[in-house]
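Once you've looked at the hints, dock chain A against the given chain B.
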Amino acid sequence: MAKFIIRRTLYMIPILLGIALITFLLFNMAGGDPAAQAAGKYATAERIEEIRTELGLDGPLYVQFGRHVQQMLTFDFGRSWATKQTISSMITSGIDASMSLTVPTLIITQIITIALALFIAFFRGTLFDKTSLIVCLALLSFSSLVYILYGQFSLAFNAGLFPISGWDPSWVGRWQYLILPILIGVMLSLGGSVLFYRTVFIDQLHQDYVRTARSKGLSDNVIMYKHILRNALIPIITVVVAQMPFVIVGSLLIEAFFQIPGLGGMTYQAINNADFPVIKAMTMIGAILYLVFQLVADILYAVVDPRVQVR
Amino acid sequence: MYSSWRIFFHASIISAICLIFAGCTNSCSQKVSDTDSTLNVVLSANVKGLDPIYANDTYSNAVISNISETLLEYHYLKRPLELQPLLAESMPEVSDNGLTHTFKIKKGVKFHNNEAFENGIGRELKAQDFVYSWKRLADPRLQADGFWVFDGKIKGLNEWRDKVSAGEADYDTPIEGIEATDDYTLVIKLSKPYYQLHYVLAMGFTSPVAKEVVDKHGKEYLNHPVGTGPYKFANWVRNNKIELVKNENWHGQTYPTEGATGDEEAGLLADAGKTLPFNDKITFHEVTEAQPRWLNFMKGNYEYMGIPKDNFDSAIAEGDLTPEMKSKGVQLFKTPEPDVTYVAFNMKDPILGKNENLRKAIALAYDTKTSIEKFYNGQALPAQSPIPPSIDAYDPNFENPFKKFDVSKAKEFLEKAGFPEGKGAPVIEYSALTSSTARQMAEFFKQNMAAIGLQVKIDSVSWPQLQKKIKEAQAQMWGIAWLADYPDAENFLQLLYGPNKTPGPNGANFANSKFDELYKKAAILPPGPERTQLYQEMRDIFVNEMPWVPGVHRLGYYLRHGWIKNFKMHSIINNHFKYLRVDAKKRAELKAKL
Chain B
1 MAKFIIRRTL
11 YMIPILLGIA
21 LITFLLFNMA
31 GGDPAAQAAG
41 KYATAERIEE
51 IRTELGLDGP
61 LYVQFGRHVQ
71 QMLTFDFGRS
81 WATKQTISSM
91 ITSGIDASMS
101 LTVPTLIITQ
111 IITIALALFI
121 AFFRGTLFDK
131 TSLIVCLALL
141 SFSSLVYILY
151 GQFSLAFNAG
161 LFPISGWDPS
171 WVGRWQYLIL
181 PILIGVMLSL
191 GGSVLFYRTV
201 FIDQLHQDYV
211 RTARSKGLSD
221 NVIMYKHILR
231 NALIPIITVV
241 VAQMPFVIVG
251 SLLIEAFFQI
261 PGLGGMTYQA
271 INNADFPVIK
281 AMTMIGAILY
291 LVFQLVADIL
301 YAVVDPRVQV
311 R
Chain A
1 MYSSWRIFFH
11 ASIISAICLI
21 FAGCTNSCSQ
31 KVSDTDSTLN
41 VVLSANVKGL
51 DPIYANDTYS
61 NAVISNISET
71 LLEYHYLKRP
81 LELQPLLAES
91 MPEVSDNGLT
101 HTFKIKKGVK
111 FHNNEAFENG
121 IGRELKAQDF
131 VYSWKRLADP
141 RLQADGFWVF
151 DGKIKGLNEW
161 RDKVSAGEAD
171 YDTPIEGIEA
181 TDDYTLVIKL
191 SKPYYQLHYV
201 LAMGFTSPVA
211 KEVVDKHGKE
221 YLNHPVGTGP
231 YKFANWVRNN
241 KIELVKNENW
251 HGQTYPTEGA
261 TGDEEAGLLA
271 DAGKTLPFND
281 KITFHEVTEA
291 QPRWLNFMKG
301 NYEYMGIPKD
311 NFDSAIAEGD
321 LTPEMKSKGV
331 QLFKTPEPDV
341 TYVAFNMKDP
351 ILGKNENLRK
361 AIALAYDTKT
371 SIEKFYNGQA
381 LPAQSPIPPS
391 IDAYDPNFEN
401 PFKKFDVSKA
411 KEFLEKAGFP
421 EGKGAPVIEY
431 SALTSSTARQ
441 MAEFFKQNMA
451 AIGLQVKIDS
461 VSWPQLQKKI
471 KEAQAQMWGI
481 AWLADYPDAE
491 NFLQLLYGPN
501 KTPGPNGANF
511 ANSKFDELYK
521 KAAILPPGPE
531 RTQLYQEMRD
541 IFVNEMPWVP
551 GVHRLGYYLR
561 HGWIKNFKMH
571 SIINNHFKYL
581 RVDAKKRAEL
591 KAKL
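Protein chains in written order, with the working numbering: chain B, 1 to 311; chain A, 1 to 594.
No lab work stands behind these hints, which were simulated from the structure alone.
As the structure is a computational prediction, the values presented were derived from the model and not from experiment.
The beta carbon of each residue, even a glycine, is placed where N, CA and C say it ideally should be.
Wrong hints could be hidden among the right ones.
[As the list claims (entries may be wrong)] Result set (SDA-like, lysine to any residue): computed pairs, CA atoms no more than 20 angstroms apart in a straight line:
1) A:299 - B:149
2) A:568 - A:251
3) A:299 - B:56
4) A:585 - A:560
5) B:41 - A:251
6) A:501 - B:45
7) B:41 - A:560
8) A:348 - B:44
9) A:299 - B:42
10) A:446 - A:481
11) A:192 - B:44
12) B:130 - B:141
13) A:501 - B:40
14) A:411 - A:428
15) A:219 - B:78
16) A:326 - A:316
17) B:41 - A:472
18) B:41 - A:200
19) A:219 - B:86
20) A:501 - B:42
21) A:163 - A:131
22) A:369 - A:392
23) A:126 - A:251
24) A:192 - B:86
25) A:219 - B:56
26) A:374 - A:428
27) A:163 - B:40
[Said to hold, decoys possible] So these bits of chain A aren't anywhere near chain B, every CB distance computed over 10 angstroms:
28) 217
29) 288
30) 447
31) 486
[Claimed, not checked] So the derived list for chain A, only partly shown, Cβ under 8 angstroms to chain B, looks like this:
32) 287
33) 444
34) 463
35) 464
Only chain B is shown next, with the shape it has when bound in the complex (with noise of 0.2 angstroms):
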């Protein structure tokens, strides 16, 4: 196991360094011209080159990459060319706040669709289920911009359920304005969470150790939990894996609507106005988490099903 874990880590690297390149091309090719951009409006050519000095972009191309790595592997990266903070400390700031929001609406999604997947599983080829396939489709085609407008609209404006939007950097303040983003969040995964357990748990029904228990006597309860269950969770942890990174980089559109101060909103803006330290800070930050957690997820293949190993 140990070994394994050293080999995968040291695959990182060059898929690092990988991303390193990539995104250094994209923003050399894509991106606008981030000396011009700072010297605003009233730009002269002196002061666009002076800013460029200043920022280090007047190298050579293959220097600016040696920095740009050196940064991003030193987790070292200065402050954003937009706002003049540190991104450090964007990051500790945003990251309390993105996660109070997606921690919460991950568990309460897995904890919710499993049941509802499970449980619509169990009556599956009755109407009942047919019913809750249209209705997971239909939750599953409105865009998400539909959820928040009309959650925000309805729950919070019309009905007064909730606060509007807003914040409070204190544990105890900040739930209030985080429940309906949460809930928003809950329904958005809900139907496709749902559909792909239920196909999950309906792909082990027909599998023969399901006969073999139901022969023994075994009840429907036991078999659904005991069995079914511990056996689908291959996928349901390759799903919550996948998710992780997002869960920490934030939600982009529920942060923004709801005024929640996350990474998901920090680096949209950092896109819009080609700040390139942020941009590299959250690129290698997913990066790293998507890898970290592709690596726990095999592990936990391992741990939860013994005839999975890790070499």
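Positioned in the frame of chain B, the structure of chain A alone reads:
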């Protein structure tokens, strides 16, 4: 055994219901205080930082203008705008040649208390603080956004900047053009006449900061601002809200006793002579999306706001408030914005730059009236030239002959341009931002041009990409706008001054020797009829060449609740918060009904 997964399922449903009730108990019972006079202001973008030298956006400026102050400020009520002293004791003494400006600094003005000062007590503001702060503005290592206000205009400042770059000078090196001759006298010497100096001395960039505080926080000063203003920085939840509290040691000011025509009738002089500021606290809410801004305003959580495009029809009908809005006690404030929108032609472009008739054909084919209906809810004035209303040299009776929507005349000019019915005309690229409104505007432009046989290709770009294209003179034609930094036509005409060509503000790369000559001549003239005459001659050259298709001058529409008093807006005045008064009792009463 009762099935665990059922328990699981039920538990999750119950928790969801509990969550809803938890939300309700917290938010439904919010009581409105009738003594809290907090002014709640909504900003439609996030604030970047609170260091005056980087305050190049409206939002950061709005906050900074309460914390820091400038030598001069605009009179809150008078129109056209008029400057008055703020940190200066009086208006400056100006030498006959216009090159030396001597300011007397108000005595007894104190910085906010801060631990950076001895015993934590804010010390008195001195003329030397301006010298230090303006050196900071010019320091090449800080790359201030506001250096342009002094760039090339103050004796010795650019030389100092170059020496600092070379490591040959520091903050102790004197600058000939900025000198504190004693603690309360500041002498500014210009390298050439610069009649806009007084205007820029009312801009946030030139606010004094205390060296002790900057030394303590270094680059982090932008999160720890200390000034002399009516409000002190209290707290910032980044990307969410900023809170300021009243500065009890403020040097003080009273509400103006005179205003513009109609101000008295509008109740704007009811508080005349009363001590400012009126409110104990200001909270700036940073809300980037229009819907939460609008819904919060409608619940009375913000005192006033500009109307989001999508909510315009629900608030305004035929230029006035809808009855529903009136019944809620909402009031409307309209003001012409000192701005111009335009479609610029790149004059370096071999097709558009060389063909005056083609540019005129395009201008004639553009249906400004319909565009105002479609994109500005009918609330904008067609622009005849770059100079907007409320700025000197604006003539309401002036009509640009190429701004009359006339398809047949446009076709005539297209023929003169060498492309009868558009035959042989190359496809022109129009760069537009990716936002839905910008795209719709570009599509509308494309349709207008198709009507005379011109083909337009839309190039969708991000703001950084558009800026890059313009600054590298790679764009052919693009839509853009300019909002005045100060109320002088020069601020618009400099967009067409030859030496300001790309990467400078003259993105169109317009170069006309006569225009440039007049510009230089006007630059050394004080405001007055002679200068206005020159500005109008420059406008005529513009019309003759049409390097842009002028679009519109926008009208600002603001909604405010009945409990906010003394409300008068102008985009150039950014320190208006101290004049606003929240009637807390009325707010409690009216808000309960919303």
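Okay, the hints, checked on the actual structure:
1. A hinted pair counts as satisfied when its Cα atoms are at most 20 angstroms apart, and residue 299 of chain A with residue 149 of chain B qualifies at roughly 16 angstroms.
2. Restraint check: the Cα-Cα separation between residue 568 of chain A and residue 251 of chain A comes to about 24 angstroms, which exceeds 20 angstroms; the hinted pair is violated.
3. Using a Cα cut-off of 20 angstroms, the hinted pair residue 299 of chain A and residue 56 of chain B is violated, with the two alpha carbons roughly 48 angstroms apart.
4. The straight-line distance between the Cα atoms of residue 585 of chain A and residue 560 of chain A is roughly 16 angstroms, inside the 20 angstroms bound, and the hint therefore holds.
5. At most 20 angstroms may separate the alpha-carbon atoms for a hinted pair to count; residue 41 of chain B and residue 251 of chain A exceed this at roughly 35 angstroms.
6. Distance check on the hinted pair: residue 501 of chain A and residue 45 of chain B sit about 10 angstroms apart at the alpha-carbon level, within 20 angstroms; holds.
7. Between the alpha carbons of residue 41 of chain B and residue 560 of chain A the distance comes to roughly 32 angstroms, so the proposed pair goes past 20 angstroms and is violated.
8. Taking the CA atoms of residue 348 of chain A and residue 44 of chain B, the gap is near 18 angstroms; set against the 20 angstroms cutoff, the hint holds.
9. Of the pairs offered as hints, the one joining residue 299 of chain A and residue 42 of chain B is violated, with about 40 angstroms between alpha carbons and a cut-off of 20 angstroms exceeded.
10. Of the supplied pair hints, the one linking residue 446 of chain A and residue 481 of chain A holds, its CA atoms being roughly 19 angstroms apart against a limit of 20 angstroms.
11. The hinted pair formed by residue 192 of chain A and residue 44 of chain B meets the criterion: a straight-line CA distance of about 19 angstroms does not exceed 20 angstroms.
12. In summary, the hint linking residue 130 of chain B to residue 141 of chain B is supported, as the alpha carbons are separated by about 17 angstroms, within the 20 angstroms threshold.
13. Between residue 501 of chain A and residue 40 of chain B the alpha-carbon distance is near 14 angstroms, which keeps this suggested pair within the 20 angstroms criterion.
14. This hinted pair checks out: residue 411 of chain A and residue 428 of chain A have alpha carbons roughly 16 angstroms apart, not beyond 20 angstroms.
15. With a C-alpha separation of about 12 angstroms, the suggested pair residue 219 of chain A and residue 78 of chain B falls inside the 20 angstroms cut-off, and the hint holds.
16. Between the alpha carbons of residue 326 of chain A and residue 316 of chain A the distance comes to roughly 10 angstroms, so the proposed pair stays at or under 20 angstroms and holds.
17. At roughly 14 angstroms between alpha-carbon atoms, residue 41 of chain B and residue 472 of chain A fall within 20 angstroms of each other, so this suggested pair holds.
18. The suggested pairing of residue 41 of chain B with residue 200 of chain A holds, with an alpha-carbon distance near 15 angstroms, which does not exceed 20 angstroms.
19. Only pairs whose Cα atoms come within 20 angstroms are accepted, and residue 219 of chain A paired with residue 86 of chain B is accepted, the gap being roughly 9 angstroms.
20. Taking the CA atoms of residue 501 of chain A and residue 42 of chain B, the gap is near 10 angstroms; set against the 20 angstroms cutoff, the hint holds.
21. This hinted pair checks out: residue 163 of chain A and residue 131 of chain A have alpha carbons roughly 17 angstroms apart, not beyond 20 angstroms.
22. Restraint check for residue 369 of chain A and residue 392 of chain A: the C-alpha separation of about 25 angstroms exceeds 20 angstroms, so the hint is violated.
23. Of the pairs offered as hints, the one joining residue 126 of chain A and residue 251 of chain A holds, with about 14 angstroms between alpha carbons and a cut-off of 20 angstroms not exceeded.
24. For the given pair, residue 192 of chain A sits about 39 angstroms from residue 86 of chain B by alpha-carbon distance, which is inconsistent with the 20 angstroms threshold.
25. Straight-line distance between C-alpha atoms of residue 219 of chain A and residue 56 of chain B comes to about 18 angstroms, which keeps the hinted pair within the 20 angstroms bound.
26. Distance check on the hinted pair: residue 374 of chain A and residue 428 of chain A sit about 23 angstroms apart at the alpha-carbon level, beyond 20 angstroms; violated.
27. A distance of roughly 23 angstroms separates the Cα atoms of residue 163 of chain A and residue 40 of chain B; the hinted pair therefore is violated under the 20 angstroms criterion.
28. Consistency note on residue 217 of chain A: stated as away from chain B, and its beta-carbon is indeed over 10 angstroms from all of that chain's, at 12 angstroms minimum.
29. A cut-off of 10 angstroms between C-beta atoms contradicts the statement that residue 288 of chain A is not in contact with chain B; the least separation is 5 angstroms.
30. Chain B leaves residue 447 of chain A outside its interface by the beta-carbon criterion, the shortest separation being 28 angstroms against a cut-off of 10 angstroms.
31. For residue 486 of chain A, the requirement that its beta carbon stay farther than 10 angstroms from each beta carbon of chain B is met, with the minimum near 13 angstroms.
32. Using the Cβ-Cβ criterion of 8 angstroms, the hint placing residue 287 of chain A at the interface with chain B is satisfied: the shortest such distance is roughly 6 angstroms.
33. The beta carbon of residue 444 of chain A is not positioned within 8 angstroms of any beta carbon in chain B (closest approach about 24 angstroms), and the interface hint is therefore violated.
34. For residue 463 of chain A, the shortest C-beta to C-beta distance to chain B is roughly 7 angstroms, which falls under 8 angstroms, so the interface hint holds.
35. A distance limit of 8 angstroms between C-beta atoms decides the matter here; for residue 464 of chain A the minimum to chain B is near 3 angstroms, and the interface restraint holds.
Going down the numbered hints, you'll see the structure goes against 2, 3, 5, 7, 9, 22, 24, 26, 27, 29 and 33, while the others check out.
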